[in-house]
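Engineer: Order-wise, the sequence lines are chains A and B. No gaps in the numbering here: position 151 of the first sequence is 151 in our numbering, and each next residue is one more. No gaps in the numbering here: position 173 of the second sequence is 173 in our numbering, and each next residue is one more.
Hints are computed from structural coordinates only; laboratory data are not their basis. All values reported here derive from a predicted model rather than from experimental measurement. Among the hints, a few may not be true.
[To be verified] Chain B regions said to be covered by chain A (calculated; three or more residues, Cβ under 8 Å):
#1 107–117
#2 311–318
[Stated by the list, open to error] DSSO-like, lysine-lysine: derived pairs with alpha carbons at most 30 Å apart:
#3 A/K283 x B/K183
#4 B/K183 x B/K239
#5 A/K112 x B/K125
#6 B/K125 x A/K342
#7 B/K125 x A/K283
[Said to hold, decoys possible] Sample of chain A residues facing chain B (criterion: CB under 8 Å; computed from the structure):
#8 E279
#9 S428
#10 V560
Ideal Cβ positions, reconstructed from N, Cα and C, are used throughout, including at glycine.
Here is what each chain is made of, one letter per residue.
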Amino acid sequence: MCGIFGYVGDGADAKLLIEGLKRLEYRGYDSWGVCLGGGPGLHLHREVGRITAAVAEDVTGVKGAAFWGGISHTRWATHGAPTVPNAHPHMDCTGRIAVAHNGIIENHLELKKRLLEQGHGFSSDTDSEVIPHLIEEFLKGSDDFDAAFRSTLRLLTGTYGIAVVWQGDPGRIRVARMGSPMVLGKAKGGTLAASDPAALVAHTRDVIYLEDGESAVLSRDGFTTCTLEGDPVSKAVHPISFSARDIERGGYPTFMLKEIADQPEAIRNALRGRMVRSEGMAKLGGIEADLLHRVQRCHIIACGTSWHAGLVGKYLLENLAHLPTQVSHGSEFRYANPVLEKDTLMIAISQSGETADTLAGVREARIRGADVIGICNVVGSSIARECGRGIYIHAGPEIGVASTKAFTGQLTMLSLLAVYMGRMRGMSLRDGLLYLDALERLPQQTEALLTKREEVRRIALRYAKANNFLYVGRFYEYPVALEGALKLKEISYIHAEGIPAAELKHGPIALVEACVPTVVISAQEGIRDKTMNNAHEIKARGGPIIAVAQEGDTELADLVDEVIFIPRTPDPFVPILDIIPLQLLAYYIATERGCDVDRPRHLAKSVTVE
Amino acid sequence: MKTEIILFEDHCLADMTPLHLTRPAFAITCACLTLADVVREAARAAQAEVRAMVRDHLRPAASGAFPGVPGTDTAKLFLNASLLPDSAYDAAIREMIAHGEAFLATSGQRVTAALVPAQRKLPEKLSPDSVTPWLLDLNLPLMDREVFRTFDCQFHVIKHLKELFPRNLERRLSAGDFREIRKGVWAADGVQVADTAVFHTEEGPVVLDRGVKVLDFTYFTGPVYVGAQSRIIERSSVKEFTCIGQTCKIGGEVEESVIEGFTNKQHHGFLGHAYVGSWVNLGAGTSNSDLKNTYGEIRLEFNGKRVDTGMQFLGCMIGDYSKSAINTSIFTGKIVGVSSMLYGFVGQHVPSFCNYARSFGQITECPVEQAILIQKRMFSRRGITQTEDDMQLLKTVFDMTRSERLISDEPPAL
Chain A
1 MCGIFGYVGD GADAKLLIEG LKRLEYRGYD SWGVCLGGGP GLHLHREVGR
51 ITAAVAEDVT GVKGAAFWGG ISHTRWATHG APTVPNAHPH MDCTGRIAVA
101 HNGIIENHLE LKKRLLEQGH GFSSDTDSEV IPHLIEEFLK GSDDFDAAFR
151 STLRLLTGTY GIAVVWQGDP GRIRVARMGS PMVLGKAKGG TLAASDPAAL
201 VAHTRDVIYL EDGESAVLSR DGFTTCTLEG DPVSKAVHPI SFSARDIERG
251 GYPTFMLKEI ADQPEAIRNA LRGRMVRSEG MAKLGGIEAD LLHRVQRCHI
301 IACGTSWHAG LVGKYLLENL AHLPTQVSHG SEFRYANPVL EKDTLMIAIS
351 QSGETADTLA GVREARIRGA DVIGICNVVG SSIARECGRG IYIHAGPEIG
401 VASTKAFTGQ LTMLSLLAVY MGRMRGMSLR DGLLYLDALE RLPQQTEALL
451 TKREEVRRIA LRYAKANNFL YVGRFYEYPV ALEGALKLKE ISYIHAEGIP
501 AAELKHGPIA LVEACVPTVV ISAQEGIRDK TMNNAHEIKA RGGPIIAVAQ
551 EGDTELADLV DEVIFIPRTP DPFVPILDII PLQLLAYYIA TERGCDVDRP
601 RHLAKSVTVE
Chain B
1 MKTEIILFED HCLADMTPLH LTRPAFAITC ACLTLADVVR EAARAAQAEV
51 RAMVRDHLRP AASGAFPGVP GTDTAKLFLN ASLLPDSAYD AAIREMIAHG
101 EAFLATSGQR VTAALVPAQR KLPEKLSPDS VTPWLLDLNL PLMDREVFRT
151 FDCQFHVIKH LKELFPRNLE RRLSAGDFRE IRKGVWAADG VQVADTAVFH
201 TEEGPVVLDR GVKVLDFTYF TGPVYVGAQS RIIERSSVKE FTCIGQTCKI
251 GGEVEESVIE GFTNKQHHGF LGHAYVGSWV NLGAGTSNSD LKNTYGEIRL
301 EFNGKRVDTG MQFLGCMIGD YSKSAINTSI FTGKIVGVSS MLYGFVGQHV
351 PSFCNYARSF GQITECPVEQ AILIQKRMFS RRGITQTEDD MQLLKTVFDM
401 TRSERLISDE PPAL
C-alpha cells in the first residue's frame with residue numbers, strides 16, 4: 001500500500017504536494033518523493049523516511065520557480081528496500097516521464113528483461129520502474145502520449161493506481177486505476193488526484209472515484225475520464241462526508257477495526273502472483289528453490305502474535321510438507337544454546353521486522369551456520385536484511401498495536417510455503433490444486449465473515465463484563481485459541497487463557513463456572529468430534545460457551561450459548577478464518593469496556609528491546 | 001457434441017528411460033496391451049477420432065498410428081499417453097465422452113485426463129512440455145477421485161504386470177477369434193502346437209495369436225500371451241504373466257516379463273521380471289537376475305536419484321535394438337539403453353549406443369551409422385523396408401542420449 005497525490009493548476013508547488021502527501025502517510029511512510037513540472041522540464045526530489053517539509057528550492061535548486069503541477073508518492077516498500085533510488089516517482093531513461101505507482105506489477109521481471117534487451121537502463125529494484133520505460137518505448141516515433149500510456153497499461157499484470165506526468169505535455173497529469181484506488185477532485189484553480197479522499201478534503205468536498213480499467217487526464221480546468229481503450233466514461237460526483245482523520249482510517253473509528261476489515265485485501269496481496277496454477281504450485285520469489293530442496297527440518301522463531309502464527313506454521317509444514325518443525329520464542333531461542341542440525345531451515349517471523357528478540361535469534365542462528373529466511377511485513381527491515389532472503393506478506397502498514405492483518409498475512413504466507421515445500425516433497429498435483437483453490441477463496445470468505453460484525457458485537461456486549469475467559473481449540477486451532485486470548489488480553493485487559501481443548505481436563509477445567517465464558521474453536525473437519533466432547537464437559541459444569549464453528553454444524557450450535565459460523569475451507573487454512581471473529585470479539589469487548597484499542601496500555605507496536 | 005481423443009505425452013517422461021526413447025508412451029506394452037489398443041477400442045465404441053500429441057522425433061511413428069490433426073469444433077478428451085494400458089479404462093473413457101462434462105483428473109504429479117469443451121480453442125503450439133500447464137490453467141473442475149494411474153518410471157511396467165494381466169488377457173481373448181485347443185489354451189488361426197508341449201492353465205489361460213508356432217517339449221504356465229507369428233523354441237519354458245509381442249523367437253526360461261515385437265531370445269538362459277524392447281537379440285546363455293541375494297527390496301539409481309521400487313523381484317529393462325552376446329549376465333534391476341551391445345557381466349546401467357564389455361575393460365560408443373546398418377539388416381530379415389524415418393529416429397535418439405555417455409568420467413553409465 002502506497003499513497004499518491006497529484007495536483008495541476010494555480011499555485012502548484014512542493015509544499016502543496018507534500019501537504020497532500022502527509023494525509024496519505026498512513027498508507028506508507030518508508031520513503032517519499034515529489035516530481036514537479038515547470039520551467040524547462042520535470043524536477044524530482046526523493047527522500048527516505050517520513051515526509052519532511054521540502055520546498056521548491058529543494059526540488060529544483062531554484063528559488064521562486066513556477067510550476068504547472070506535479071505528482072507525489074509516499075511509499076510502503078514491496079519490491080526493493082526503502083532507499084532513495086527505490087522511492088517514487090520513477091523516471092524513464094530520458095528524464096521526461098515521471099510515474100508514481102501504488103500496487104504490484106506481477107509481470108515486472110518479464111517486462112524488465114524485455115526493456116533491458118531494448119537498451120533501457122534501470123536505477124531501482126522496484127517493480128514500478130518498468131512503467132515509465134514502457135511508456136518511453138511506446139512513445140518512440142510518436143507523440144501520442146495517451147496512446148502510449150494506454151498501450152503500457154494493457155501490458156501490465158497486477159494492480160495499480162498510477163499518476164504520470166510528461167515533459168512533452170505540460171499542464172496535464174494522467175492517472176489510471178486497476179485494483180488500487182484513485183480519486184479525482186476539482187478545486188478552484190486546479191484539479192487533484194489521490195489514492196484516498198483524505199488528501200483532497202482540504203481542497204474540495206466533491207470527488208469522483210475511478211473504477212478498475214479507467215483512466216483520466218487532469219488539467220487545470222478539470223478532467224476527462226475514459227476506459228483503457230479510450231472510450232469516454234461519465235462519472236458521478238460523490239460528496240465527502242467524513243473528516244480527514246476518519247478517512248485515514250477508511251471511515252472506521254479505529255485503526256484496529258480498519259485493519260481487521262483490511263484482511264481480505266491483505267490476504268489477496270499475500271497471495272498475489274504467488275500461486276502458479278499451471279504447476280499446482282506456489283511461487284516464492286525471495287527464496288532459492290535449491291535451499292528449500294535440501295531442507296530436512298524447520299525451526300521457527302518469533303514473538304507474540306507472530307509466534308502463534310509460527311505454531312500454525314509448524315502444523316502446516318509437518319502435515320503438508322512432512323518437515324519436522326520446532327517453534328521457539330525469539331527470546332528463549334537465543335539463550336537456550338539451541339542445537340541446530342544440518343539442513344535446518346530457520347524461519348523468522350515478525351510483522352515489523354524489528355522485533356529485538358527475534359532479531360537476536362536470527363543472528364544466533366546465523367552464527368551457528370543455519371540458513372535463515374524471514375517472513376516480514378516491513379520491507380527492508382532489520383530482520384529482512386539480516387536474513388538476506390525471505391518473503392514479504394504485503395499486508396500494508398499496520399498501525400493498531402494489536403496485530404490483526406499481519407497475523408492473517410503471516411498465516412497465508414506460511415500456508416503458501418507449506419504448499420510449496422509440500423509439492424517439492426511429494427504432495428500430489430491434485431492436493432496442490434485443491435489447496436491453491438482453497439487459498440484463492442479465502443479473501444471472499446473473509447469478506448463474508450466480516451459481514452458478521454454486528455452479530456459478533458452483540459455477543460461481545462453480552463460477555464463484556466466477564467473478568468476471565470478461556471479459549472480452547474485443538475490441532476490447527478490451538479494456536480488460534482492462544483491468539484484469540486492474546487487479542488482479548490492486550491486490548492481489553494481481561495485475563496484470558498488459550499488452552500489445547502483436551503488439556504482442560506488436566507487442570508484448567510477447575511476454572512469453569514457461570515461467570516467464566518469459554519470460547520470453543522471448532523471449525524476443523526478432522527478433529528471436530530473430539531472438541532465437541534470438550535464442549536460437553538464445559539456445559540456440564542455450567543460454563544457459558546461461545547463457539548466458532550464450521551458452517552452447518554448445527555449439533556455444536558445447539559449445545560453452546562453463542563455460535564459464529566465460518567465458511568468451509570480445508571483444515572490447514574481454518575485458522576485464517578477462525579481468527580477474524582475472535583479479533584472482532586476482542587475488539588468489541590474492549591471498546592465496550594472503554595479501552596483504547598489502538599494504543600493499549602503498556603504496549604508498543606514494535607518491540608525493539610530485549 | 002462430437003468428441004476427439006487426444007493422446008498426449010507430457011513433460012514427465014524422463015524416468016521412463018529407455019522405454020520412451022524410441023516409442024510414444026502409448027505404445028509401451030504391458031500385460032499384452034498398449035494404451036493405444038485400449039483407447040482405440042474405446043474410441044471405436046464412442047465413435048470418436050483419436051489424435052496423438054508426442055515429442056517431435058516420434059511424430060512419424062505416432063501419426064502412423066493416429067493420423068490427422070484435432071478439429072476446431074469438437075470437444076477434446078485429453079488422455080495422458082502414460083496411462084496404464086488397463087482394459088478397464090475403456091469403460092471409463094467411454095463414460096467420459098458420453099457424459100460430456102468438462103473435468104480435470106490427476107494422479108500423483110500428473111494430469112491424467114481432461115475434457116476440454118469445444119469453445120476452448122487449442123493454442124497454436126501445444127506440445128508435451130506445454131500441455132499440462134495449459135490444461136491446469138483452464139481451471140476445469142477437478143475430479144474428486146483418481147480414475148487413471150500412470151507409468152511414472154520404467155519399472156512400473158513390470159510392477160503393474162501381474163495386476164493388469166488377467167483382465168487385459170480376458171479382453172484380448174474376447175476381442176479376437178480364438179478357439180480352445182486344449183483346456184485353457186486358446187489359439188487363433190494358423191497356430192501350430194507340438195503334441196509334446198505342456199500347458200498348465202489352472203492359474204490362467206495361454207493365448208496364442210495368429211500363426212504362432214509352439215515347438216516340441218515346450219512348457220507353459222498361464223496366464224501367458226504370445227503375439228502373432230511368434231515362435232516358441234524347443235524345450236523352452238514360458239511361465240506366468242509373460243506376454244510376447246509379434247514375430248518373436250523365444251527360447252529358454254521366461255517368467256513374468258514383457259517382450260515387445262520382433263525380438264529374439266532363441267536360446268537357453270533366464271529372463272524374469274524383465275522388459276525387453278523391440279528388435280532386441282539376446283544371445284545364447286543370456287540371463288538376468290531378478291532377485292537380490294539379500295532378498296531385499298530393489299532400489300534403482302538413475303537420472304541422479306534413488307528410487308525404492310517396492311519390488312523384491314525385478315529383472316532388466318532393455319531398450320529397443322540392443323543386443324547381448326553369448327553368456328551375458330545382467331544383474332538385478334539393470335537398465336540397458338537403446339541400441340547397445342552387451343558382453344559379459346552387466347553390473348551397471350548401460351547407456352544407449354554403447355558397446356558394453358566392462359568385464360573385458362572396454363566400453364565404447366557405438367556409432368549411430370553402425371546402429372542404422374544393423375537396423376537395416378534386421379528389418380530385411382523380416383521383410384521390412386528401412387525408411388528415412390527409421391534412420392532419423394536412431395540419429396535423434398543417439399543425439400538425445402549423448403549426455404548419458406558423458407556423465408561419468410569412465411566408464412559411461414546412466
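Engineer: A/K283 and B/K183: Cα distance at most 30 Å?
Structural biologist: Violated, at roughly 61 Å.
Engineer: Take the C-alpha atoms of A/K112 and B/K125, compute the straight-line distance between them, and say whether it is at most 30 Å.
Structural biologist: 25 Å, holds
Engineer: Given as covered by chain A, does the segment 107–117 of chain B meet the bar of three residues or more with CB within less than 8 Å?
Structural biologist: holds (count 5)
Engineer: Is the interface hint for A/V560 satisfied, with its Cβ closer than 8 Å to some Cβ of chain B?
Structural biologist: 32 Å, violated
Engineer: Using a Cβ cutoff of 8 Å, are there at least 3 residues of the segment 311–318 of chain B near chain A, or does the coverage claim fail?
Structural biologist: Not satisfied, violated; 0 residues make the cut.
Engineer: Are the Cα atoms of B/K183 and B/K239 separated by 30 Å or less?
Structural biologist: 17 Å, holds
Engineer: Report holds or violated for the interface hint on A/S428, using the least CB-CB distance to chain B and a cut-off of 8 Å.
Structural biologist: OK, holds: A/S428 within 8 Å of chain B, min 6 Å.
Engineer: For a C-alpha distance cap of 30 Å, please report whether B/K125 and A/K283 respect it.
Structural biologist: 25 Å, holds
Engineer: Any CB of chain B closer than 8 Å to the CB of A/E279?
Structural biologist: 7 Å, holds
Engineer: B/K125 and A/K342: Cα distance at most 30 Å?
Structural biologist: The hint is violated at about 45 Å.
Violated hints, listed in ascending order, are 2, 3, 6 and 10; each of the other numbered hints is respected by the structure.
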